[in-house]
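Student: The listed protein sequences derive, respectively, from chains V and W.
Every letter in the first sequence is one number past the one before it in UniProt numbering, and letter 103, counting from 1, is 103.
Every letter in the second sequence is one number past the one before it in UniProt numbering, and letter 319, counting from 1, is 319.
Keep in mind that the hints were calculated from the coordinates and are not lab data.
Fair warning: there could be bad hints in the mix.
Covered stretches of chain V, as calculated for chain W (at least 3 residues, CB under 8 Å) [to be verified]: (1) 62-76; (2) 187-197; (3) 251-259.
As a list, the in silico BS3-like pairs of lysine-lysine whose alpha-carbon atoms are at most 30 Å apart [claimed, not checked]: (4) LYS323/W <-> LYS271/W; (5) LYS158/V <-> LYS266/W; (6) LYS186/W <-> LYS92/V; (7) LYS343/W <-> LYS402/W; (8) LYS487/W <-> LYS271/W; (9) LYS323/W <-> LYS354/W; (10) LYS158/V <-> LYS487/W; (11) LYS487/W <-> LYS384/W; (12) LYS464/W <-> LYS83/W.
Incomplete in silico selection of chain V near chain W, CB under 10 Å [as the list claims (entries may be wrong)]: (13) GLY32; (14) ASP36; (15) ARG38; (16) ILE90; (17) PRO163; (18) GLY168; (19) ASP269; (20) GLU272.
Backbone N, C-alpha and C define an ideal beta-carbon position, used for all residues, glycine too.
For reference, the chains in residue letters:
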Amino acid sequence: MRSYAAQRAVLALAQLAVLSILVFVLTALLPGDAADMRFTETLTPDQVARLRSQLGLDEPAIERFTHWFGNVLTGDLGTSLISGGPVADIVKASVGATLVLTLATLTVVVPLAVLLGLVMGTRENGRLDRVITSITLALSAIPDFVIAVVLITLFSLKLGWLPATWVGGRLLTNPALLVLPVAVLLGRTVCLLSRQVRAGTINALNAEYVVQARRLGVPRRQLLLRHVLPNAAVPGVQELARTGDTLLGGVLVVEAIFAIPGFATALVDGVETRDVPVVQGLTLVLAAAALLINLAADLICNRLVPRTELLR
Amino acid sequence: MSEALNRRGFLSLAGGLAVAAVSGCGSGDSPAAAPKSGGRLRAVFAGGGAKEVLDPHLQSLFVDIARHKALYEKLVELGPDLKPVPRLATKWEADAQAATWRFTLRDVTFHDGKALTSQDVLYSLARIADPNAPERVAQSSLAALDLRRCKAIDRRTVELTLAAPNAEFPALLAGIGTQIVRDGFKNPAEPNGTGAFRYSSFEPGRSMVATRFDDYWDGPARIEELQILSADAEARANAVQGGQAEYANEMTATFARTAEAGRAVKIVAAKGSTTQAFVMKVDRPPFDNSDVRLAFKLLADRQRLVDVVLAGRGAVGNDLFGKGFQYYPADLPQRERDVDQAKALLKKAGLIGKEVEIFTSDASAGFVEAATLFAEQVAEAGVKLKVTTGSAQTYAKDLLTKGVIGSHRSGAMPIPQYITDRLLTKSPFNVTHWRRPAFDAAFAAAQVQTDEAAREAKYGVLQKTLRDEGGILAWGHPDFLVAISPKLQGVQAVPPNTLDSGRFDKVWLA
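Only chain V is shown next, with the shape it has when bound in the complex (with noise of 0.2 Å):
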C-alpha cells in the first residue's frame, strides 16, 4: 500500500508538471496578453506598449515559462500581472470561500446522500425507491442556475427570509448566506452519488455473503450497517471524487450568481484578464487538490473493501 501510494505521487507531480505547460500554451493561444486588455481606451496604445515591455510580455514565451517554472519549484508562484500582487495571496484570498461552500455542501450531502441510496437500495423498485427516484432525477435534470433563480427569487425576494447574494455580506456574522449557495449545489450531487450508493447496495444485496448472512439470520440492521454498507460505499466514495468536477462546474455557476468571491470567480477573471501567472497558480492548486482527492478515495476503497488492493 506504502509504494502504491509513492507510485502515484510520483505519477501526479508529472501530471502536475504536464498540465501547467498545457495551461500556459492554451492561455497564449487567447487572442491578447495582459497588456491588451488593459486598452480599455483609458490608456493609449503608446502607455499599453511601455506597459507591455516593464510586465515582460515581450520576451518570448519560452522564457516566461521557464521563469516562471523555475520559480514554482522553489515554492514562489510568481506576480499578478494585474494587481502587481503575489499570485500566492490571490489564491489564498479565493480558495477560502470555496472550501466553505464545497465543504458544507459535502457535510449536507454525504449523509443524505447515503440514506438515500439505501433507502432506495433496500426497496429496490417498491414504491418509495420509485418516487425518490423520479424526484432526483428531475431534479439532476434541471440546470444549476435556474434552480438557484428560482431559489432566490421564491426565498430572498418574496419570503425575504434568506439573503440573495453575497454582496456586503460576511460569513461569521451571517451564516444564513451559505443556505442558499449550498441547495443549489446539493441538487445534483445528491442525485449522483445516491444513484450509486442505491446501485451498489442492491449489488451488496444479491451478494453470495450477504444471502449467506441472512440465510444464517444475521438481524437486518447489523447485515445493512456491517455487510453491506461498506461494500455500497465503494461507488459512492468514487463517485464522490469523480464529482469533483460537477461540483466544481456548479461551484462556478453558484460562485457567479450569488457574488462569492471564490476560486471559480478568480480564475474566470484571470482568463479575462490574461493574468498567465494567476490562471497558472489557480490550476496548479485546483489540479493538486484533485489528484490528492482522487488518491484519498481510492486509500478509502482500500481500506473499505480491502479485496480490491488484490485486483490491482
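Mind docking chain W on chain V? Use the hints.
Tutor: Just chain W now, kept in the frame of chain V:
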C-alpha cells in the same frame, strides 16, 4: 345667480381643501425628506476582480472612480452638462494665449491633518506623468503640461504651464485619474486624501469601507459609513432588491422595467447620458466614399433602434457625440430616415446587391442586437450587412484596426475631449480613421480661443462637418440607470463621470 355664486364658492372651497390636503401631505412627507444623519450606505458597482485598485491614478472602472471620489478630490470636476466646476481649486485664470494657468486652492485639510498646498498639486501631477508608470490613466490627457515650467506661486496658488495652449485645460484636470494626493504619497494602500470619507479597509473585487471625515470642507457627509461593493449585473439587481444594498450602479433597461413595477426599488435615470453608434472607417472601401456613409446614416431607423435595443430608455442620436453636453450644436436638424435617397446614393456608389461586414461583439450591452437590427434596416435598400461577432475582451483594440464598420459606445466626457481622443490625426482611439489636417488645424485654432462663445461657434462648425461627412453614425443616447432603495434620498440623475455621479457625501438614509 346666487346658485352660481354658491357653486363657485363651493368650488373654491373644494380647491382650498385640495390644496390643504396636498400641502398636508407635503408636510407629512417633509420630516422624512429632511436630511437625516447616520447609518451605513452600501453601494454596489460592476466589479473588476483583481483589477480593482486603490491607487487613485490608475482607475478606469466605475467602482474605482466611486471609491476614489469618496477618498480623494480633483482640482476641477465636471458639472451635469460636462462643464468644469471648481472643487479643490476655487478659481482659475489663464493668460491671453491659454498657455499659462493660475489655480487658487481651497483651504482644506487632508485626512492626516495637513493642509493642502501648491506643492501637493505639483507632486500629484508629476506622479501622474511618471513615464515609469505607464498605467497612470491621465498621462495622455495631461501630456500638454510642461511640468518643468509649472511652479508654486505661494502656498495656495499654483501656476501650470502648457506646452501647447488649450482653453479646455480645466476640463482635462477633471478627467479620470487626476486626483490630488499629498506631497510624497508613495503607498496607495494607505490612502490620504481630502475627500468626504476616510479610508478603513479594501479588498479588491469585493468591498471598500470608509467612514465620514468630520473636517470635510463641503460639510461632513450625512451617512456615517460608506461601503462600496463589487458585483456583476445579476448580483447587483438581487442585492438592491433583497435589501443588501441601497444603491446599484449601471442597471439594464430590462431590469428597470421590472423593478419599476414593484416597490422594492426606485430607478434614477440620467437621460441620454452616453452614446451608442456605428463607426465607419473613412479610409476603407466602401466607406471611403462619403455618399455611402451618408446613405448608411439615412438608412438607420433611430427611433426603432432606441425602442428595441435600449427598451425605449434613451434619446435618438444625430450622428454626434454628447447630446445635451456643453458645446453640443442643438440647432442642427435631426437626421431622419430616407430609404429612397439612400438607395439613390448607394446605386451611384455601385453598392446595391453587395455585401458589407459589420464587426461587433458582446463587449457592451446591446451591441449585437443593434448591429442585427441595423442589418435589417440596411437590407431594405438592397445592401447585405453581415454581422460578425468578435471577442469581447479584445474588442476595444480590434475595433481600431479591424473591419470597415463596427459597434461603438462612449461614456460621458466633454465634447472637446471626445474629439481629441477620437477624431484627430494623432488621436489614440481614432476608430473611424478620420484624419483631416484641415480639421486638426481648425480644432487647434478653436482650442486656443479664450472667448467661450467664439470657441463654441468654432466647435459647432466642426461638429456639423462631422455629422455630414464623418464616419460616426450615432443612433442613440442611452439613459444611465441607477437603482436605489426607497430609503435612500438625494441621489442625483446625472451622467457618469460628473461630480454628482457615484457621490455619497450629500445623500442620506431616511
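Student: Does each hint hold? Answer for all of them.
Tutor: Now for the hints, and whether the structure bears them out:
1. Counting residues of the segment 62-76 of chain V whose C-beta sits closer than 8 Å to any C-beta of chain W gives 0, which falls short of three, so the coverage hint is violated.
2. For the segment 187-197 of chain V, the stated coverage by chain W is violated: 0 residues have a C-beta nearer than 8 Å to a C-beta of that chain, whereas at least 3 were required.
3. Coverage of the segment 251-259 of chain V by chain W holds [criterion: at least 3 residues with CB-CB distance below 8 Å; count 4].
4. At most 30 Å may separate the alpha-carbon atoms for a hinted pair to count; LYS323/W and LYS271/W meet this at roughly 10 Å.
5. Proximity of LYS158/V to LYS266/W is assessed by CA-CA distance (about 17 Å); at most 30 Å being required, the pair is judged to hold.
6. A hinted pair counts as satisfied when its Cα atoms are at most 30 Å apart, and LYS186/W with LYS92/V qualifies at roughly 26 Å.
7. Restraint check for LYS343/W and LYS402/W: the C-alpha separation of about 27 Å stays at or below 30 Å, so the hint holds.
8. Distance check on the hinted pair: LYS487/W and LYS271/W sit about 23 Å apart at the alpha-carbon level, within 30 Å; holds.
9. A threshold of 30 Å between alpha carbons decides the hint, and for LYS323/W with LYS354/W the separation of about 34 Å lies outside it, so the pair is violated.
10. A hinted pair counts as satisfied when its Cα atoms are at most 30 Å apart, and LYS158/V with LYS487/W qualifies at roughly 19 Å.
11. With a CA separation close to 51 Å, the supplied pair LYS487/W and LYS384/W exceeds the 30 Å bound.
12. For the proposed pair LYS464/W and LYS83/W, the alpha carbon gap of about 21 Å is at most 30 Å, so the pair holds.
13. With its C-beta approaching chain W no nearer than about 4 Å, GLY32/V sits inside the 10 Å limit, and its interface hint holds.
14. A cut of 10 Å between beta carbons decides the hint on ASP36/V: the least distance to chain W is about 6 Å, and the hint holds.
15. With a least beta-carbon distance of about 7 Å to chain W, the hint placing ARG38/V at the interface is held under the 10 Å criterion.
16. Interface hint at ILE90/V: satisfied, since its Cβ lies 6 Å from the closest Cβ of chain W, which is below the 10 Å cut-off.
17. With a least beta-carbon distance of about 6 Å to chain W, the hint placing PRO163/V at the interface is held under the 10 Å criterion.
18. Given hint, GLY168/V at the interface with chain W, holds; its Cβ is 5 Å from that chain's nearest Cβ, closer than 10 Å.
19. For the restraint placing ASP269/V at the interface with chain W, the shortest Cβ-Cβ distance is roughly 3 Å, inside the 10 Å limit, so the hint holds.
20. Given hint, GLU272/V at the interface with chain W, holds; its Cβ is 6 Å from that chain's nearest Cβ, closer than 10 Å.
Checked against the numbered hints listed earlier, the structure breaks hints 1, 2, 9 and 11; every other hint is satisfied.
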